[in-house]
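4 protein chains.
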Amino acid sequence: MNSIGRLFRVHIFGESHGQVVGITIDGCPAGIALMADDFTTDIERRKAGAAGTTPRKEEDMPEILSGVFNDTTTGAPITIIFRNNNTRSADYEALRDTPRPGHADFVLHHKFSGFNDYRGGGHSSGRLTLCLVAAGVVAKKILSGISIEASLTEADGNTDIEAAIAKAIEEQDSIGGVVSCTVKGLPVGLGEPFFDSAESVISHLVFSIPAIKGIEFGAGFAGTKMKGSEHNDAIIDAGGKTQTNHAGGINGGITNGNELTFRIAVKPTSSTPQAQQTWNNKTEQVESFAVKGRHDLCIALRVPVVAEAAAAIALADLLLLHKAYK
Amino acid sequence: MNSIGRLFRVHIFGESHGQVVGITIDGCPAGIALMADDFTTDIERRKAGAAGTTPRKEEDMPEILSGVFNDTTTGAPITIIFRNNNTRSADYEALRDTPRPGHADFVLHHKFSGFNDYRGGGHSSGRLTLCLVAAGVVAKKILSGISIEASLTEADGNTDIEAAIAKAIEEQDSIGGVVSCTVKGLPVGLGEPFFDSAESVISHLVFSIPAIKGIEFGAGFAGTKMKGSEHNDAIIDAGGKTQTNHAGGINGGITNGNELTFRIAVKPTSSTPQAQQTWNNKTEQVESFAVKGRHDLCIALRVPVVAEAAAAIALADLLLLHKAYK
Amino acid sequence: MNSIGRLFRVHIFGESHGQVVGITIDGCPAGIALMADDFTTDIERRKAGAAGTTPRKEEDMPEILSGVFNDTTTGAPITIIFRNNNTRSADYEALRDTPRPGHADFVLHHKFSGFNDYRGGGHSSGRLTLCLVAAGVVAKKILSGISIEASLTEADGNTDIEAAIAKAIEEQDSIGGVVSCTVKGLPVGLGEPFFDSAESVISHLVFSIPAIKGIEFGAGFAGTKMKGSEHNDAIIDAGGKTQTNHAGGINGGITNGNELTFRIAVKPTSSTPQAQQTWNNKTEQVESFAVKGRHDLCIALRVPVVAEAAAAIALADLLLLHKAYK
Amino acid sequence: MNSIGRLFRVHIFGESHGQVVGITIDGCPAGIALMADDFTTDIERRKAGAAGTTPRKEEDMPEILSGVFNDTTTGAPITIIFRNNNTRSADYEALRDTPRPGHADFVLHHKFSGFNDYRGGGHSSGRLTLCLVAAGVVAKKILSGISIEASLTEADGNTDIEAAIAKAIEEQDSIGGVVSCTVKGLPVGLGEPFFDSAESVISHLVFSIPAIKGIEFGAGFAGTKMKGSEHNDAIIDAGGKTQTNHAGGINGGITNGNELTFRIAVKPTSSTPQAQQTWNNKTEQVESFAVKGRHDLCIALRVPVVAEAAAAIALADLLLLHKAYK
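Residue numbers (my numbering), protein chains in the order written: chain A, 19 to 344; chain B, 19 to 344; chain C, 19 to 344; chain D, 19 to 344.
It is possible that some hints are incorrect.
One copy or two, it doesn't matter: identical chains are merged, so the pair holds either way.
Within a straight-line C-alpha distance of at most 27 Å, the following computed DSS-like cross-link-like pairs (lysine-lysine) qualify [said to hold, decoys possible]: (1) Lys259 with Lys300; (2) Lys185 with Lys245; (3) Lys159 with Lys344; (4) Lys344 with Lys65; (5) Lys259 with Lys159.
Don't read these hints as lab results, they were simulated from the structure.
The whole structure should be built from the sequences, with the hints applied where relevant.
What follows is the structure, given as structure tokens:
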């Protein structure tokens, strides 16, 4: 349930307001240089602090508990934890009777019979994406020679990201966005026949990221308006290079050696400063309420590095599978 | 690789032009009435023959080889096969040197070192969706009280499906479409924390269907242009009913008891009557060629029942998982 | 449930008195020569007919339904079925009220709420070992350069197998035995850390064979009576060759390059001609009854080739995993 | 690789001389009372200190990092770590060139290309059984009403355990033993058809415990010397109670409601004070050497609680699977 992958496997754990969030990475090859510093860049990219992100200060220093010896992976499982230092649980006490719209409060309460750690989303908090990012750093090392780059290409339907953020701050309402990701340097042949297509495995991971509601590969939904003669990518050399790339680098679920591209839809942050309606379990009626606390107005700003991590985890697994058959 | 599911598990096999295509369904509860007739409706819905679909005649009679005794499931694996009667392998011989654009010919040849059954797409053929449909029939029986309905809501970007098909026939070029699916009657709580979110599991299965290049849940990509105060669905009763349904019935990866909705992007059929460019491995240059044989101009017409099956397989698995914890 | 393996995966299906028994082998590399004749030797070795085995005539011709093209594996799942021709279901009708001691009748009835195919053991019949043997033939091809040989080394506690069989026939009572298996030519390094030790994976498969009640590797139970200085195998060259082999070729769950050896305990055939006591669900009292039908007095005679298959399936999987990390 | 289980899943990590050893338990139902004190009894049972065990002092205090809120399981993954305080890595430096006979030094070095943490066995150390014990405590809570009891019933082939230990201390050589385990109160029906038989799942886990070289269920190897009429357990009531229990509570891989019994063979501790022969990679010849450091002369003394844990983990998983189908 909290695991994914067939050879490169990750197991996630922890809660937003518990002691730690963490991840165990199993199936990482031995002999890869790895130290805490390697995580800095990607963790910084995910951090809050910019306009439109939460003012919470998260230290986010990885502690590598196992699987690394002399700054090198050993082949044993790598467990990495992040302490939770800066939490204000009291902010959440008042919300127990009023499940926040857009959040998982209501479904978690029902699924776990009220025993879930409700503070700050608990195990379902966006804070756990920090663990995905950490696993992504390791995955990227396996994908040597392959680059993965994601960025926020739309906010609130607008390509001028800064203006959209400024407007959101002015209007004090949260906004969504679109993150685009490109992977270069992949070999031909990643992706398994039928159920573990490259799209299947990547989308499975991407939809694990909170707030994601859509994904499309290559031309995606726009491709449904093309003719076949237009959408098909002409193959122009023996290595499979194509003239266009409407397929997003994947045919029949298998990478074709061209750039793998996908776009993901990030819904507006559920925690908005605006007043909203929800059911109050105590008064047994619909009531207006406002989410307090420090939240991102545009969570999509922090998603690119997480999307890269999701793609990297998926592709590292497919690459190791590929190697088993070569 | 050719399996999916944790409790309700399916294993697919077969090739388009081999003896059979088939599927084994493991983890189906004992005591469910099941006979060949149960498959008729959904298999007919998938069949070719309408305008815009291939004139190939596929008999598609299921043979239940195991797991059913006295017209009732036994709890043992259910294997269902479909014979391939109406194949013209010769049509494909000529294509070995010219990988068809948009198809998996090139990647399969590389992934399997040239040993793949290249006839009609082999194991990657759309014909295998017949097996998904069969598994979907069984899954739907497990989902008693839950309805799953999908339909083609756009063809070539147009909501007038008939007109779009007529135009495609006239222009002799293939087209794509959008299939919309709605699931009613789901309990609160399906979907596992983090990696096996309802969206993850459904998308994993949906991207196993050939020609799918995008999926969105609820408001999806359109939702990225909404404000949080607009996108959030107000909860209006103790059972979790919401006023709007931008979340598509899923919060935090878990079903919330409202209608689960998703839309999928079906690319235009790769086999188009139009001339196309591809690499010829013999002449070692780019050449023009045309796909022969009988093909669907709008494969999207046949996708709805397959999408229902994918959703049913995913949800039957999540429902059985749910039962283990109740 | 009816599947095993991580890369080399097998899915078993079918019932003793249904239409077929069969197996799907997923994850077999492409490019391996495979035809029906390859199965003959091992299937013959498993066959009934010798003294102490059932006089039932089983044709046991494999039909390869998928995954093989031009007598070569394609990389797609290989499904092999065996028709059930020679069954007398009526023999079993009378037994529905009297669960046979030693058999799974009682537990299957309860586990599957009475819906199980009770004829001849149904899906739990020893006939399904035919499918294991078929998968073993494929696995052995992957293990090129590695030999696996098993034989019956004890029957009824006696190393003179023929005399023990003759006595069982004379006394008209079933007997058990011990099967010993040796694998030569394995590389150093098969077996995964902790849970997927070579012993774990092999024992998991071996205990899937009906009638197996024990397994020991190397010196096994006898080794518990040795001193450490005696049991430890001195390493005598740089390749890891050891002077003795009390470890059975496995240290810390990982193959050490020496012969891998194990012994398995096969209980006496549950179906014995002798009268036995069991509960009669109709009369609601303990009653005497005798099993009719044609049965093996010493099922252990047919186990060696099945044990080889179990070992081969386990080791082929571990070998492919090993390759992914080299 | 370092994970096991289908619903009740455990993921193990850590090294003997690293920072921690730990385990993540996924799939534990919400609402179970759990606090650090619950682990005390079983952890004490595993501890060193008695005659025949190592004089190393291990504090072994569990730190529950996640998955527990208000002393109750939440349904999220439970991660438990144990700090390694009392390690003397220098003891092991000298051994790098001389792989210890009976140990995994040689195979780990080859499998992980020399990158493994070689100190004290690293990730393959017996210290990781502490994590199994912790997971066993949680598993036992799920198995409410079911008792699991294991004890050392033979040491050095002798049922007088104390005398055998005294002799080993006097002779300064390590010894092995046999651990017997009995599970009472199991329902009918645990164990899955074919590959996940109760014996398969239990043996898979038991062979994960270092030093285990054999397992037998019920009469086991002794049963191979019985006649069928003697071995078969007569069923004497409608609930499946049997007069004898040679099957060890399992028929056809499925629990039959009687006591589940198994015995496991524990080899003599590989680290013996006696001088031994091994290959020296530096001098490139076989040399005599003696293992230094503090070690158990009879590791089997510490195995019973670990065997209980292995059985509990296996049975908790099968019980949850069972519930999904009821």
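Cross-check of the supplied hints:
In this assembly of identical chains, the alpha carbons of Lys259 and Lys300 lie at most 27 Å apart only when taken from different copies (17 Å versus 62 Å within one copy). For a Cα distance limit of 27 Å, the shortest separation of Lys185 from Lys245 across copies, 11 Å, qualifies, whereas the shortest one inside one copy, 38 Å, does not. Within a single copy, Lys159 and Lys344 get their C-alpha atoms as close as 20 Å, and across copies as close as 16 Å, so both meet the 27 Å cut-off. In this assembly of identical chains, Lys344 and Lys65 lie within 27 Å of each other by CA distance neither inside one copy nor across copies; the values are 39 Å within and 36 Å between.
In this assembly of identical chains, Lys259 and Lys159 lie within 27 Å of each other by CA distance solely inside one copy; the values are 25 Å within and 35 Å between copies.
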